[in-house]
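Undergrad: Sequence:
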Amino acid sequence: MSFRSVDVDLESQAPFSDSPEFDRATDAASNLLLDLTNSVSHLSKLVTLLEGRTSNSETSNKNCEKCTRIIETATGQFKELSESCKELNALVDDEHPGHVFTRDRVARETKSLFEEFQSLQERFKNVNSSLNEQTKASLGEQTDLLDIEEPQQQRQEMVLEQDVINNEEFVYQQALIREREEEIQNIEHGIQELNDIFRDLGTIVQEQGTMVDNIETNIYSVGQSTRSAAGELKKALRYQRSASKKSCYLLVIIVSILLIVILGIVI
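Heads up: the sequence shown begins at 606 in our numbering, then just goes up one per residue.
Take these hints with a grain of salt, some might be off.
Unchecked claim - The calculated lysine to aspartate or glutamate pairs, modelled on EDC-like cross-linking and capped at a C-alpha distance of 20 Å, are: (1) Lys716 to Glu727; (2) Lys730 to Glu720; (3) Lys691 to Asp632; (4) Lys691 to Asp640; (5) Lys716 to Asp640; (6) Lys691 to Glu798; (7) Lys691 to Asp628; (8) Lys716 to Glu677; (9) Lys671 to Glu721; (10) Lys730 to Asp628; (11) Lys741 to Glu663; (12) Lys650 to Glu720; (13) Lys667 to Glu738; (14) Lys730 to Glu692; (15) Lys691 to Glu663; (16) Lys684 to Glu727; (17) Lys684 to Glu793; (18) Lys667 to Glu677; (19) Lys741 to Glu656; (20) Lys716 to Asp801; (21) Lys691 to Glu626; (22) Lys667 to Glu784; (23) Lys650 to Glu677; (24) Lys716 to Glu692; (25) Lys684 to Glu798; (26) Lys671 to Glu793; (27) Lys730 to Glu656; (28) Lys691 to Glu720; (29) Lys684 to Glu721; (30) Lys716 to Glu685.
FYI, nobody ran anything at the bench for these hints, they're computed from the structure.
Work out the full structure: start from the sequences and follow the hints.
TA: In structure tokens form, the structure reads like this:
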């Protein structure tokens, strides 16, 4: 085997990780967050378009259908993401700074995205309700037109001429009203369901925030203790130097006294 093939084999191997399960859970959550970010962005554009065109039209109906599909898909993705958040919370090693940071980031991004998604759902529900009211009003106007005071024969002829067209349109509009009412109910149900799923997410984020605050407090305390210890050490060194100087002076005095005594004896 050549050195080149050995290099290729080494490059093809996955990088070493001391917590592969946590890394896999992080990758899964990150991918879901990316998909949901795109879905929420697309939904936001469609809802904004619908709010700007609050009239019943083929374009509005198609955009409503697109919004419904996106909401259904995103709801399923949020359910998966909630499980990923729980898994990360279970796998995190509190003594591993990278784990704590990653869990905190994923939870906060999930919470922010979830709140935006909820807001868009409410806006879409309001648009749907408005379009439904317009459709009902339009059907009422068509019915009222047939009740205008006209000769009986002329009214019958008008009904016969427009019967086929009006009947098909009436059936279509009635079906559209029922469909939108079902969508509104589904949206309300989905909002409640996701609220139940993410009920504990705020608590998790709050606990993590408290944990981060505690870590920062501990770091500050350690810093204070370190500075205090350094101050005490400096005091000890100064005391030691002072004591050493005093010892030297005392030794010089003792030696001097001894010399004087010895000289006195000799003389």
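Undergrad: List in ascending order the numbers of the hints, as given earlier, that are violated by the structure.
TA: 10, 14 and 15
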